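Residue numbers (this note's numbering): 2 to 471.
Keep in mind that the hints are not guaranteed to be accurate.
[Claimed, not checked] If you anchor each label on the Cβ, the simulated ranges turn out as follows:
#, residue 1, residue 2, range
1, Lys381, Phe126, 39 to 49 Å
2, His393, Asn165, 42 to 52 Å
3, Gly125, Lys398, 29 to 39 Å
4, Ser91, Pro253, 15 to 25 Å
Since the hints were derived computationally from the structure, they do not count as laboratory data.
Just so we're clear, the structure is a prediction, and the values are computed from it rather than from any experiment.
All residues carry an ideal CB built from backbone N, CA and C; glycine is no exception.
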Amino acid sequence: MEEFEYNGIWWLPENPKKKISGTLKFNQREDTILELIGSFKEIKDINEIPELNIILGITSNGKIITLYKCYESNFHVSVPGFFSSSFVVSIIFQGYHFEKEEDIKFDSLSLNYSHLEEWTRISGFKSKSENDSENHLKKYEVSYSFPPKVEAKLAKFDLSFDYNFTLDGDRIKEVNLKQTMFIKIEPHTQVHFNDYEKDICYHIQNFLSLATGQAVFPLILKGKTNACKTKLSDGRVVYNDILIFYSIKNLPDLSKKLHPFDMLFSFRDISDNFEKYLKNWHAKSEVLQPVYDLYFGTLYNPSMYLQHEFLSLIQALESYHRRVDGGKYVSEDDYTQIYKTLISVIPQELDNDFKESLNQKLKYHNEFSLRKRLIEILKKCEDVENLLIYDHERFVKDIVTTRNFLTHYDKNIEMKAKNGQELYELTQKIKFILEICFLIELEIPIKTIKALVSRNQRYQYLARQLKHFN
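Assemble the whole structure, with the sequences as input and the hints as a guide.
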């Protein structure tokens, strides 16, 4: 997405008569800034730092702009002179004026994600060459047809692949043809933009990140709403695109292209059951939300310390088992009686804080230990995990010891805890197991999971390292 700078006039929806000149500056990797020659606040409010939900504007080249979630970052008064102020803007909506926050609703939203084209490998381009009798190139043809529609119908929305085709160049020495692919989301009822992000886009983005093995970001967004339409002379109604811009400060370098072998799975790997797997991912998101947050938190924070990544992933694995498989030694009713018996024998003469500590620890003694949870998870993955995990007992012991040390920093186990290269390898193994669990939850057949994991270059490289150093 290209950076831009718009000069225009700006006002608040509740005070349209007070218009202020200013410049809107957008760069996807930096804060979006609105610089005003003036201020929306009065002299009596000079010490306040306003947060404005909506600022409206029209640019010098006629673009209609809504700025959403803005807060004042700078204010300057000069005497003699004039007020000037700056706002950091969270989101730009280009193409329509939303007067109120509750009006920012869309009937559909289309998103172009990073690596989307590489993941789907769907193209409408075809090329054909023709040589002369001396085998010299005589003719080269490129044609474009919109690809067949791909759709998935989920509980609360429909999803489809959509495409834009553009042609430019002087057509004398240069012709540029470009296909841009979008994931189009059409909820069954109109949805607020914030709810798109929280309830739909977040899970689609995570699904693509799991598939590609990369942090995925929305690069181009556009929405349609019944409120923004044009009636043509022939009576047809056209719904105009509202372009949506916001900053992504941690956007990585996207110049490197992904190969299917770099990915956990490509669209072609799951195309026959795409709707089913997407449904499963969304249906289980409520239960697995904390697991998703922990796992994808490590993916979107590549500078995270290795110790923190290890702890996040093992917490995700532990949470996964608790939420999917439960993990209690006896029923809650039975343990309630056991718990009462246990706390009844705590000596009353002990320090109150010590007694409270024992009470709290005993409350959770019915929960499976981390060791037992890991053993059960390995059984679930037993047809696949042997690619990287050769010794179950050692693997479980290393995780438990290292987790205990990094949590409590007990010097008695410091020498047994993993660090450096060994901690990195252990962390990658945990990530590997967690990804297998996600594929199992999607209900991808074990045979297919085994094939996907076996061809994955990241895991092949790790397997070679493990065999070399162990």
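Here's how the hints hold up against the structure:
At roughly 43 Å, the beta-carbon separation of lysine 381 and phenylalanine 126 lies within the given 39 to 49 Å, and the hint holds. A hinted range of 42 to 52 Å holds for the C-beta pair histidine 393 and asparagine 165, which are about 50 Å apart. For the pair glycine 125 and lysine 398, the beta carbons lie near 54 Å from each other, so the given range of 29 to 39 Å is not met. Against the hinted window of 15 to 25 Å, the Cβ-Cβ separation of serine 91 and proline 253 comes to about 21 Å, which satisfies the hint.
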